[in-house]
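Residues per chain, in single letters:
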Amino acid sequence: MMVIKAESLVKIYHNGVKALKGVNFEVKEGRIFAVLGPNGAGKTTLLKCMLGMIKPTDGSISVFGKTPFPDGVKNASFVPEGKNLYEWLKISKMVDIFASFAPNFSFSRFEGMAKRFSLKLDGKVGELSQGNRTKLYVSLAFAQDVNLYVLDEPTWGLDPIVRHEVLSLVKESVLEGKTVVYSSHILSEVEEVCDDLIILKEGELLYNGTLDDLKEKKKTTLSNAFLSLVKGDSL
Amino acid sequence: MCGMKIDYHSDVPVYKQIITEMVDLIISGALKEEEELPSIRKMALDLNVNPNTIAKAYMILQEKGYIYSIAGVGYKVAKPPRDSMQERLNEFEEEIRKILKKMRKFPISNDELQKRLFTLVKEVIDDGDQG
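Just so you know, the protein sequences line up as chains A and B, in that order. Here the first sequence is numbered in my numbering, starting from 1 and rising by one per residue. Here the second sequence is numbered in my numbering, starting from 1001 and rising by one per residue.
Derived by calculation from the structure, the hints in this document are not laboratory data.
With a Cα cut of at most 30 Å, we get these calculated DSS-like pairs of lysine-lysine: (1) B:K1105 / A:K219; (2) A:K217 / B:K1101; (3) B:K1064 / A:K219; (4) A:K219 / B:K1005; (5) B:K1076 / B:K1032; (6) B:K1064 / B:K1005.
Working from the sequences, and respecting the hints, build out all of it.
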């Protein structure tokens, strides 16, 4: 079954920046789908379109068969790129507030995540290190029992041990039949988890297919294939 | 199966690495006919690999006749398909051939090359016999 379908998706911001120039792709249920690209490729814009946080300029995107904008996607949770909201709140308070509006939030799932990541819940959000902040956001997202997880740079600032835990969590979510959209600029970790991927550059798709096919067609590693595509070689 | 080594960053896709490892275990008899295989779930957790990758490897192993599935029970090892050993031997020989060609380019005599190769073969056979 298809979870997300984008057709000729275009996003032009008010300042004239063309972030997405007509992209087409599908995300299938139960798969880990990576969104790759150099800085400024349009990755975050694409994720925001999926979640209905911004309105596409042209083309269409549907998630679970519905248009995400403006109501959002109830059956999805999100780890945002900028992990700096609610700085002034106590962590425990932020969890309560999040739980009050996040669909299908489970405190027992949250406690499980916090334990797994050795996340301490004392103090204010603003006092957390970058790594601990990421842990908090990932724990909150996975505490929601939803069918789609959209993760924007979910390992930002994490040490190798916690990073490994996050990657394991992503892989395990497939066992529960969940779908994951994962954006990252760290190719080695994408290579470890994803089934399917798109590579974006300046708002255009350079690749759309499985990781296995990319390696088999290019007969090389993901990082070499990525570099040659971004430099402008064809497949 | 826990000793299986996965290299995520190789140019060989992970599902192919798993297939090759399992084919060798089955041909060598380390995995015996009728033996039950770990479930996709267990294998994914043990190897820390995306479960879809294990499912793909199992599906292809099944198509090629190395394993079979019993509804509700799981996967079992089948009798190694005909010619499967010959196919793997050809692949191994190809690897040895490449290395020998590299050695041949060095200034050593044919006798020396043969002697070294023979010594190696003898060493491996003796090791195997001892244990």
